[in-house]
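Trainee: Residues per chain, in single letters:
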Amino acid sequence: MNAEAPLIEARKVTRILPGIVPTTLVRDIDLVIRPHEFVAITGPSGSGKSSLLYLLGLLDMPTSGEVLIEGKVTTVMSEEERARARLTTLGFVFQFHFLLPELTVIDNVMLPMRALGRLGREDMRARAAGLLSSLGLADHVDKRPDQLSGGQRQRVAVARALANEPPVILADEPTGSLDSKSSAQVFEVLQDLVHGKGKTVVAVTHDAAMAERMDRHVELLDGHIVRDEIHSPAPQPA
Amino acid sequence: MNLIFDIAWTHVRARLRQTGVAVAGVATGVGFSIMMAALMQGSQDDFIRQLVNAMPHISVSDERRAPPPQPAERLYDAAEIHNLTPEARRRGIKNPLATMAALEPWLPGGIAPTVRVQAIIRYASHDVATSVVAIDPRREALVSDLPKQMRGAPLSALYRATNAIVIGDRLSEKIGARIGANITLQTSEGARLSAQVVGYFHTGVRQVDESTAYVLVKTGQILAQQTGLINELRIRLKDPMASRDVAMRVERETGYKSVSWQEAHEDLLSTFVIRNVIMFTVVGAILLVASFGTYNIISTITHEKARDIAIMKSLGLSEFTVRSIFVVEASIIGLAGAAAGFALGYLLCLALGSLEFKSPFLDGNHLPLAYSALHYLLAGFVALASSVIAGYQPARKAARMHPVEIIRGAT
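Read top to bottom, the protein sequences are chains B and A. Just so we're aligned, residue 1 is where the first sequence starts under the working numbering, counting upward by one. Just so we're aligned, residue 239 is where the second sequence starts under the working numbering, counting upward by one.
Treat the hints loosely; a few may be bogus.
[To be verified] List time: in silico DSBU-like cross-link candidates among lysine-lysine, alpha-carbon distance up to 35 Å:
| hint | chain 1 | residue 1 | chain 2 | residue 2 |
| --- | --- | --- | --- | --- |
| 1 | A | 476 | B | 143 |
| 2 | A | 412 | A | 386 |
| 3 | A | 332 | A | 476 |
| 4 | A | 456 | A | 386 |
| 5 | B | 12 | A | 476 |
| 6 | B | 72 | A | 456 |
| 7 | A | 412 | A | 495 |
| 8 | A | 495 | A | 456 |
| 9 | A | 495 | A | 476 |
Since the hints were derived computationally from the structure, they do not count as laboratory data.
Throw the hints in and build the complete structure from the sequences for me.
Mentor: Here is the structure:
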């Protein structure tokens, strides 16, 4: 088993949406994500799988319980500190590519780098171009998102998620809006991130076949984890 | 910071038409504010110029601010003395030439001795109370524009006849006295003099044109029945605005009551203060209305860009960064609006300035306009400030949005 220190840890995480009739999204979730894992989170609609991902990704705050990123408790952090943690440690890929339509492909990929501001302009550009060509998008660097196909856009979104070299990629239905060919491409990209580049990927999906091909499978039902099994030991990075 | 500007710029550019409308709103506000300020300031300056030119900047008369106390009052300070009338003195400024000589070295302008007599002009069964000013035509150019304001004949025409008189054009119309007419002047002292009209003048200030006449000093002294009398020193300064201070100094040095044009027209000047308050209120309101346009566009952009804001926040861009983007957008609109407004304002001023029409209230046939950098700066500053303020509220709201709510809604 993977004995390394957990990257993300959820402890008794409960999220209740306030309202006239409060809605419980997830309840008492305990989950540990360790480095180099390729985790599928599945479950029927409304089971709370996306909500769990947002909580793990610090996009949402748990009503009770806590989320730890690299061993640090995030519930006591300020909004700015959480934003910083998202910028450096986490990369997001959503069901819809969510690229900024006014920016070119490379500018979209550079956006998180510029927000972090660690690199010079030329280095950012070189890095973004490298990321894009490694995802087979070298020819589309200066296009706008609406000039690309769905699969290409989603791969740009992956490149953007990788911009600041975060150890963890969180993907919310990354293939949900793609045809089967593009889905396969994007899946391969994600798989390569884990097995080839040593990243950790947590993907929410409703695609059972895809979930079966991932290394670990967490299944949710009504806000609870009903299954958490490991298909094959996560291979160590080369 | 570069990033903030880049995104703001792409937003603004992507919404060119909406941005254009907002910019046009600000520009219209700025342009019309500038035009209005130019017009108000111009007419005010024009009016003051007329006022200032119609009369001496400072008039030193043979009066004192307070009547001199009786010797008894001075001597018996503690005693209460009833029924004393103030001391009566011989009229006129004592030794006017010496007084003038004392003032001339430091006075930044010209000075001329005058006799001012109140008289009634009688002509063809009209009786009009008139202020008769006895002048030296050769010195007059130093203290007033009268030589330039003459109609029908030059000021030197006063030398042409014995007891020649120059009257205001309105006065001439009122009594029907043309050049060559012989009118009668009568004072309250009982002096009576027949004078020949040799010319008219027109200052543009009704009050002056209607009730002022000029004669030679000698004629004035005959009318006042006092040889060698000088009862007013008229002063014109290079800088009319300094009149108040200079008048105070003259009064301190000579002891005679010195009235600056500002003091003489205090009521009019206080009207200008009210006029300016009205102007700035209206200009402020125009710019405020323009800022609603800015609020609207920034608000719209933040609504339209809610998804993008959510993405940027989910990527880890800070609230400050997101807020700055929209504040920068508002500033771009404000700046562009101000710049376009400057051009519009200038063009409006040019257009207004080129209009020609006849007005009974204006001497010229063009609208008086004042071009002042201050108007531009003020309108530009207010436009920029109101744009930023208008943009800040929606920007803050946008920056506070929770990304999950939008991402959830989008999926």
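Trainee: Out of the numbered hints, which ones does the structure contradict?
Mentor: 1, 5, 6
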